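Asker: Using the sequences plus the hints, can you model the full thing?
Number of protein chains: 2
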Amino acid sequence: MARLNLVAANPTKETKPKTPNVAVPPADGEPKDHFVNKNGLSYAGSHVIIDLWEASRLNERDHIEAALIDAVNAAGATLLHIHLHTFEEGGGISGVAVLAESHISVHTWPEKGFAAFDVFMCGDAEPRKAIGVFKKAFNPGRIVVGEHKRGMVDSIAR
Amino acid sequence: MARLNLVAANPTKETKPKTPNVAVPPADGEPKDHFVNKNGLSYAGSHVIIDLWEASRLNERDHIEAALIDAVNAAGATLLHIHLHTFEEGGGISGVAVLAESHISVHTWPEKGFAAFDVFMCGDAEPRKAIGVFKKAFNPGRIVVGEHKRGMVDSIAR
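Just so you know, the sequences run in chain order A and B.
Everything in the first sequence is counted per this note's numbering, starting at 776 for the first residue and increasing by one.
Everything in the second sequence is counted per this note's numbering, starting at 776 for the first residue and increasing by one.
It should be emphasised that the hints constitute simulated quantities derived from the structure, not laboratory data.
Here the structure is a predicted model, which means the values were calculated and not measured.
Pairs involving identical chains hold if they fit within one copy or between any two copies, as the list cannot separate such chains.
Think about it this way: if two alpha-carbon atoms lie no more than 30 Å apart in a straight line, the pair counts; the simulated BS3-like pairs of lysine-lysine are:
id, residue 1, residue 2
1, Lys910, Lys924
2, Lys887, Lys910
3, Lys887, Lys813
4, Lys887, Lys911
5, Lys813, Lys904
Answerer: Right, here's the structure in full:
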């Protein structure tokens, strides 16, 4: 996945970010999807699961879209496509950002004050940097974070 | 999230499924996003993490798109938006399907025979039914599955 010869970001008209502050770098032939090699482990990437409770602004589409883009930037990732869906009657937002390094998703339940994010990134991106962005954007009373190493091929510490 | 007063699926021209066999039901006012209540637990939904190894057809966009749609159907979920990105030079596919019940994502590394799926569904959908669909579609030598209960609000068994 994720050769650096990227196509330009192609958001639909509906979902075009108002602040398109994520740059798509020019192609340079270097892949961004190399498996991570760290502490004797080789794996595809880190999948960070972030649950926010007692959170605010969970029904504000533009705010959520801006937070997703800020998270992409904070993690040093590259946005390829973004789409948000607004459910009727204050029923929350679902959003996905497809990245050169994998994806970020969000689903919100405003009536519960609950938002479920996942941030999956391979290569040199830093998915955990998204946590601070979401904390600032949604002011949660409580955050629950988990992390998976995906695609681990050597789990024996050396 | 996910009131049933859905807007129609709105895939972009690029990503329009060739076999749009996922029906968007008419609005009936019933929410599909209710928290699951099972075995004394209340939670937002199940997030199933599926890693395939020694898998085939990981660079075939149309095949992957069809598999995502088949998985949506198998799980009894409702497709709202689907987008796949093809990386150059056989660099794999990234895809996301936004659902009334949350999402499915996939990222493939054909050169490693590795594919990383996640299937997050709330309400009455059955995300684990996607596993059989992916097994049939990509014929993996090995499958690693994990599951998170997201948004758990009562973890004490009664």
